[in-house]
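*Asks:* Residue-level listing of the chains:
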Amino acid sequence: MRANRPILSILLWTLLSLVTLFPIYWLFVISVKPAVELFTTPSVLLDTVYWKNYVKVLGDDTLRRYMFNSIVISTGNAVLVTVLAFMACYALSRFDLPGKENIFFWTITNRMAPAAVFLLPFFLLFTQVFVIGEWKLYDTRTGMILLYCTFNLPFAIWTLRPTIDAIPKELDEAATVDGATTWQVIREVIFPLARPGLAVTLILTWVFAWNEFLLAATLTSFNARTITTGLSEYVTTTGTEWGTMASIAIITLIPALLIFSVVQRHIVAGLTFGAVKE
Amino acid sequence: MRSNRVGWLLLAPTIAILGIFGIVPFLYVLYVAFHQWNPFGANPYMIYNGANNFRRLVFDNEFLTSIAFTLKFAFFAVLSEVVLGYFLAQLFMKEFPGRGLFRTIHTLPLIVAPIVVGSVWRLMTTPSIGIIPYLLKSWFGYDLNIGRDATMAFALTVIMDIWHWTPLVTLTLLAALVSLPKEPFEQAQIDGANRWQIFWHVTLPMIRPAILATVFIRLMDALRTVDEVWMLTGGGPGAATRYLGLHIWKIVFPKTDYGYGSATSVIVLYLTLVMCWLLYVALVARRGQKRAS
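Chain order of the listed sequences is A and B. Numbering of the first sequence is given in my numbering, commencing with residue 159 and proceeding in unit increments. Numbering of the second sequence is given in my numbering, commencing with residue 9 and proceeding in unit increments.
Here chain A stands alone, though its shape is the one from the complex (with noise of 0.2 Å):
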């Protein structure tokens, strides 16, 4: 599978994008039909196709504010981790900090834990603990954010550690004997060499925080409440609003398109330069 032989590429491509794409698809066709027609023979193919749940999404007004808190809190959420892990992982790849590599092992820890037990904890700090008179950090933006650190600052420092150590110390190291100050050498030397993994780092936080349900359902309850705990408003044991839940989940699928599609540039901007042959 060489360069020059591009159809190969583009057949297994088409083909593997099939696989990836049956899914989202059948979210969509599953979007389009009345609740009724769910429960029939499958069939792969729409006959006919079904808008009203997407009108009745479309004119939420409560959705359009939780799908405007998703953004807001992902993006806050995946810019603030970004920038603390860069600065993060610079020091511990840089410095020559007692203990650094357990602390950095530390960071990871605070991914590891099952969900399910912490929200008490959580709860209890946001509506016991973190109370200035009336102001609670329960159900706000802020809080949100905040809170979801704990589990994509130690990604983004994980993954973001490679990339930092991978550039040579000698770059830094001249540029500091020519008299650059620390900020001048991460902005100058080290932010353009780390771009692609800064690019993928905020991309994969911010889908983390689009995407988490679980903390958002506990410490959230109407101003701050997300889109996937939205739509999973319409996951109930009595019996689900399947077409409804599927036009939200199809939705939602658009602004997070818009912001890959514009970070992932960076991700391959880095091939220009440093492009690896076969």
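Check before you lean on any hint, since a few could be wrong.
Derived SDA-like pairs (lysine to any residue); straight-line CA-CA distance at most 20 Å [what the hints assert, rightly or not]: (1) Lys258(B) - Pro279(A); (2) Lys102(B) - Gln422(A); (3) Lys190(B) - Pro326(A); (4) Lys263(B) - Gly244(B); (5) Lys327(A) - Arg353(A); (6) Lys191(A) - Thr134(B).
No lab work stands behind these hints, which were simulated from the structure alone.
Take the given structure of chain A and dock chain B to it, following the hints.
*Replies:* Frame of chain A; chain B shown alone:
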């Protein structure tokens, strides 16, 4: 070397946030783990009962089988994802028409929330209404019933996980491959190395840290999967897909047995930690040796 104070300053916000939202809740859970506490039970107060919860765990058959199933699930899912993800990342390194489009398509599964993924896969596979059993039946005459067939239910959770998370591996490894320097590859080619030798002696050592980090993340996430499997199989049939995250969920929510649930979580956390630590030490130590020689 510059003064360490700058280094600590750069690390401080991370340590502060993870300290507050990581260590404090953990200590709380640890405290509850030594108590008998069912807030909605006959006696809603916390009663100290020493290590009884832990003693009960050792003989808890459900818990022990859950560990075995979870490990099996994590092993198959993560191994396939890393192999497949690496292969796909390599394919993306080559220029071909439509690469950008295919890359976008390939990352789509990531942006579908786990709870939605579980729902869709469930609707696709439920006997008599799902498209997959229907096609399998009419094309191959095969009966797929994940409500009864434990092996198929297990396989399906693995396949769903692969579908959902391989793009993550592809993206992280793609970023790692993209930022590799060019010279070692050119040098190897001049030296007449074949493709396998280049992979084994040049590419692999350089991206090993990235692969390691990805395996860790995926392993941890696979060990605490809840939403997707909950929606797809609900843990069944029997306990075949009742993975640890779901197992704890079932102790804490339908049964509201907080004390026992906390003890289970502490042990699960401990096992995950030890496993990852051993893996980490083994791999990092090996890397260190190589560098020294």
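*Asks:* All hints are to be evaluated individually against the structure, with a verdict given for each.
*Replies:* Structure-based check of each hint:
| no. | hint | verdict |
| --- | --- | --- |
| 1 | Lys258(B) - Pro279(A) | 18 Å, holds |
| 2 | Lys102(B) - Gln422(A) | 16 Å, holds |
| 3 | Lys190(B) - Pro326(A) | 14 Å, holds |
| 4 | Lys263(B) - Gly244(B) | 18 Å, holds |
| 5 | Lys327(A) - Arg353(A) | 17 Å, holds |
| 6 | Lys191(A) - Thr134(B) | 17 Å, holds |
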